[in-house]
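Engineer: Below are the chains, spelled out letter by letter.
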Amino acid sequence: MPKLTYLQAISDAMREEMRADEDVFVMGEDIGVFGGAFKVTDGFIDEFGPQRVMDTPLAESGIIGTAIGASFEGLKPICEMQFSDFIACGFDQLVNVAGKMFYRQGLSVNITVRLPSGGGFSGGPFHSQNPEAWFMHSPGLKVVAPSTAEDAKGLLIKAIHDPNPVVFMEHKHLYRRVKGEVPAGRYETPFTARIAREGEDLTVIAYGAMVHTALEATENIDGASIEVLDLRSLVPLDEEAILASVRKTSKVVIIDEANRTCAAGAQVAAIIAEKAWEDLDGPVVRVATPDVPIPFSPPLEQAVLPQVDDVKEAVRELLAY
Amino acid sequence: MPKLTYLQAISDAMREEMRADEDVFVMGEDIGVFGGAFKVTDGFIDEFGPQRVMDTPLAESGIIGTAIGASFEGLKPICEMQFSDFIACGFDQLVNVAGKMFYRQGLSVNITVRLPSGGGFSGGPFHSQNPEAWFMHSPGLKVVAPSTAEDAKGLLIKAIHDPNPVVFMEHKHLYRRVKGEVPAGRYETPFTARIAREGEDLTVIAYGAMVHTALEATENIDGASIEVLDLRSLVPLDEEAILASVRKTSKVVIIDEANRTCAAGAQVAAIIAEKAWEDLDGPVVRVATPDVPIPFSPPLEQAVLPQVDDVKEAVRELLAY
Amino acid sequence: MATETARIAEAASASEHLTAEDRVGLLRAMLMMRAIEERAMTLYRQGKVPGSFYDGYGQEAVSAGAAWAMAPQDRLCILHRDLAAHVIRGVTPARIFAQYMGREGGVTNGREGNVHFGDRHLGCVGMVSMLPDMMVIATGLAMAFKLRGEARCAITWFGDGSTSRGDFHEAMNWAGVQKLPVIFVLENNQYAYSTPLDQQFAVDPVERAAAYGFPGRTVDGNDAEAMFDATREARERAIGGGGPTLIEAVTMRMHGHAAHDDMKYVPKEQVEEWRAKDPIDRQARRVEELGHDVNALRAEVKAEVEAGVEEALAMPMPDGDGATAQLFADEPALLSDGRGPWSGFARSGSDA
Amino acid sequence: MATETARIAEAASASEHLTAEDRVGLLRAMLMMRAIEERAMTLYRQGKVPGSFYDGYGQEAVSAGAAWAMAPQDRLCILHRDLAAHVIRGVTPARIFAQYMGREGGVTNGREGNVHFGDRHLGCVGMVSMLPDMMVIATGLAMAFKLRGEARCAITWFGDGSTSRGDFHEAMNWAGVQKLPVIFVLENNQYAYSTPLDQQFAVDPVERAAAYGFPGRTVDGNDAEAMFDATREARERAIGGGGPTLIEAVTMRMHGHAAHDDMKYVPKEQVEEWRAKDPIDRQARRVEELGHDVNALRAEVKAEVEAGVEEALAMPMPDGDGATAQLFADEPALLSDGRGPWSGFARSGSDA
Ligand SMILES: Cc1ncc(C[n+]2csc(CCOP(=O)(O)OP(=O)(O)O)c2C)c(N)n1
Ligand SMILES: Cc1ncc(C[n+]2csc(CCOP(=O)(O)OP(=O)(O)O)c2C)c(N)n1
Ligand SMILES: [Mg+2]
Ligand SMILES: [Mg+2]
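Chains as they are written, first to last, in numbering that gives the first Met the number 0: chain A, 0 to 320; chain B, 0 to 320; chain C, 0 to 351; chain D, 0 to 351.
There may be inaccurate statements among the hints.
[Unchecked claim] Sample of chain A residues with no beta-carbon within 10 Å of chain D, all distances over it, derived:
#1 E15
#2 G122
#3 A223
[Claimed, not checked] Simulated DEER-style distance windows between Cβ atoms:
#4 C:H291 with D:R216: 55 to 63 Å
#5 B:E277 with A:D41: 52 to 60 Å
#6 B:P235 with A:R315: 52 to 60 Å
#7 A:E239 with D:R44: 49 to 57 Å
Just so you know, the hints here were simulated from the structure itself, not pulled from any lab data.
What you are looking at is a predicted structure, and each value in this text was computed from that prediction instead of being measured.
Glycine included, each C-beta is placed from N, C-alpha and C at the ideal position.
Extracted from the complex, chain A is given alone in its bound form (with noise of 0.2 Å):
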């Protein structure tokens, strides 16, 4: 199997379907003759043609919008955001219109909205968000995060034929730090969870970039055997694969790069809470961003995002409980 970076899987799983199905197309900013901020839809253009893919003038709520009006007929549109942070200037086409119209209607939304997301590298409060858990708490939308170029590009297949709005969080400090075996032509990656490395003493719960934080701060920690559970999908939310792993190991932390109140983490610790604590040997222990914007300078910035030696604190003192 060739061997990608997680976001040459992204590219390769939008250049599969676009060439399996017409009725897929990109729309952003930049996309086109430039191939994206990132490159992600490098060369599309001169293999697709500008009308499928479509630079867009810099209007996030037009994107939105007319993405879904599009796909009332049945075109599957992919939105670019240049950057996640810009969907909050596209928040209400997508939570209002797109979340809530096949409930309302039964008029489905067969929009994928790709959000390059997460901090890092110095992006500073604007070009480091993590805003899932704002689509978490909007009925309607899909949410997925991956880890791998894997299921990057399975993920985004199965969200483009999926034919709900769904919401494709890609962690641009993966981009091309992730590298792996991604299986060539088109294959769906399910919405559920995966268990990222088996463990018996103690479960880390993670999603998209923190998956890699958690197994590089669990790899050897004093021996113990851990389990690191990689979410993929926060809706659905897969609260078997959580709960049984709990069950497992009696004892868990959970990690959130985007700023606690609130978080995916909350929710999964509720989930816990209500539905696990009598299997619990602990408290259930969250690493999480502190409530406040990503600093851009390094220092700062390496102070409110979890790093490895967060999670290893935490994951011993929980083990020691």
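With chain A's structure known, arrange chains B, C and D with the ligands on it following the hints.
Structural biologist: This is chains B, C and D with the ligands only, laid out in the frame that chain A set:
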């Protein structure tokens, strides 16, 4: 002390502040001549004139953004969204400009954003939302949600005095249904929780309209002694009060009128699972609106919004645990 | 006497593209809209319609005239004062009353309320409350037509107040840049809730169209045939690749914003002045001129409406158990064609 | 020969409102902007500037000319190609370099990066990335001035691409309806990242101003004195109660969107054509005509910049422990006045 409705208390807070401080003014759609969709600013334009009771164009981003700009010069705008649902159209200005400005630039944003929220009267998917969790997950914003007339006035006055952006959740269903003694004059209610009823056996945590549901449901429940904690403020969140009550009763039911996933109640549950796990004698139980838009037709709406009987059942089950 | 001649002139001012049936059909759609909304208001007062209730009394010509010019394969994003468009596309009175009353048999099966509906099987999209989000949606529909090279057109309506929001601009600019087959009908009814025009904009928004690179024209919004003709022309341009058109329909909101609104903020004279321009009276005079029995038509509509109310009242309320079902689609559920009754389509194949 | 006469004409085309010092001051601000940005680019390549780096090479006249016309008590929302405006208001090179490098002594103490800063003590608001949100903020500042009856003015800059977003419209319409003292400077530098004008709008946005009820005028964005004069005039109108003005500054983005962008999408000829119109060369010629020693000025600026770099490099990086402090303000922290060096203010009291 005069008895005022929840709505009159809100009007009273603004009137007192506008009389005392000419930097305070109100702005929004149809709040002037018409007195607001819910008549909260009825008569204001006669007392304070059209400049300080500003009818704006139909433009939520414009309302939030111009308020922010005006606040940089020391004005203290109170923005009314006609319904909380429409804040989605001013979302970017609120979370990205207002929320982050002081942290980024040391420039404070003294605006108060009033969000008439909540369901229960067939408002349908776009006139019933409870969006507070979006803002709890947006660093730099404070969020308060009164349940009584007295707190509505005191929290709003404190919000107006607070040099930071404060999202004021006012529940439409309480406007005329809740009445109580409200002190005259200008007083601040702290951004902390309030024990709505002392109890020993179990704690019900709620805010806004759900406080009344909680009180009614537990008024006389098999003679059990139920504590009801009214959060009042969601940011800052009164962790101490939450933990103190849970330590006392060892059992907790958390109610959200908002959609379940990543709601305020998820954050409260997570805090308890992290910091009061040892004190629990049973799982953390949540009663919340399922993850769907709020339907219009009464039987459907009642089926999704937490009802007194739902809370009763949850409390009984946990008591019996 | 003067009014007499005026009337004849008016009656004469029919579009050359309308047959006698078309002209009767337009009147019928307007009568149906008014009768349904008046009847629904009674049901509302009787407590049978939950929530709030909005109507388009006095604005019937705007939606009727414009919708009449749209073909079955065209797509409509219909707003809250535009009931005649739903009627013309083929939504029955019974389903509309059931919609208002939150019944199982309503267009949205009780999930949505009042005017927040659109029958996807008739090529219509159910509006969201956020104004004017549907302008962007209509632009997206038009984008789909252009991407596929189809001779089809999208249309949407929106009010004077809605022109102040960002989505108005993003839709207008996008449609102009991409030259999309979309028609924007600005329903200028003098007020946005209680807000008069001069607090909404400094210059009539019809002037903006040119700055977006396409024509904007003002039409008498109380003349159904003029609305039809302007829309027909705009549609011709659109499907011919000429791009969007902004049509400003000048009319008056004769009732309050919603049932609860007593309209104190509107000068009595203004209402009286506009009452004299009632769009239904006007079309009725034309149809009479044609020798058609308007009273019979009124009676027929009334009967249909009453039957619709009976039918709707017999429908059950939805079952709460279904409230959480179907949040997500298992398979695509798209738009399909509706009715396009204009004789012009019949004459020359439906993509005339 | 022809160029020779052109040059003289150019040199002559000074604003009558500018003294010799003003004209030198304008050149100095532009030289400072370019020198700082070129030096910062080197630091960026050396890895001393984290994140990305944006500059305004070739656009120096737009921010310099406009900012020169603003009084101390006026307020500025400065964007990402407008460094000269910060310089004119009084931000020192050392604090700017420290800002780029994320040092403790930078304008935002390392919390914000690159161009995302504004010194509130100098009447400037630090931009957010979301474009053009600051147009609405500037409108709000102007609203405050009007509410208080103060003869003050707000100004903001934004690019051609930014005109496509809803906030452009909400700000323009709001300012027009309320006739607010705000100046909108549309910095038309031919591209929005890689996107050319014709994919952004069908008609030059300067045409929109009239539809919002206020004047829009196009100015040579590479002529600092023309920019000054247009802004001075707009400010006069604004503080006189005449309302907003849209100034379109036509210029060219001579570098990539940011440091990483090789600008492959820009035709070489276009860049060459504009290089000949360099705004600094032009102002330098004028200042030479005045008999001023431009080389000495360049040397002086270079020295100041080098000193600034040294100073900034000596500043510590911020301590991570402070990262979560001061999320909320304990007391109001508002804007205060900055520098307004134009001689006209000195002559007639600072609210000239
Ligand atoms: C974005 C948004 N803000 C506020 C509202 C609340 N609202 C409902 S109708 C209305 C007035 C609309 O006026 P106009 O666009 O002229 O339409 P009309 O009702 O007059 O036909 C307002 C403010 C809304 N629906 N959407
Ligand atoms: C709302 C929003 N969407 C996308 C971006 C990403 N972005 C940053 S600069 C830029 C191009 C801006 O072009 P223009 O307004 O012409 O300004 P210029 O950089 O050319 O001066 C884009 C798309 C942004 N900053 N804000
Ligand atoms: Mg109107
Ligand atoms: Mg540009």
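Engineer: None of the hints should be skipped; say for each whether it holds.
Structural biologist: Going down the list of hints, with the structure as the test:
{"no.": "1", "hint": "E15", "result": "holds, 25 Å"}
{"no.": "2", "hint": "G122", "result": "violated, 6 Å"}
{"no.": "3", "hint": "A223", "result": "holds, 28 Å"}
{"no.": "4", "hint": "C:H291 with D:R216: 55 to 63 Å", "result": "holds, 57 Å"}
{"no.": "5", "hint": "B:E277 with A:D41: 52 to 60 Å", "result": "holds, 54 Å"}
{"no.": "6", "hint": "B:P235 with A:R315: 52 to 60 Å", "result": "violated, 30 Å"}
{"no.": "7", "hint": "A:E239 with D:R44: 49 to 57 Å", "result": "holds, 52 Å"}
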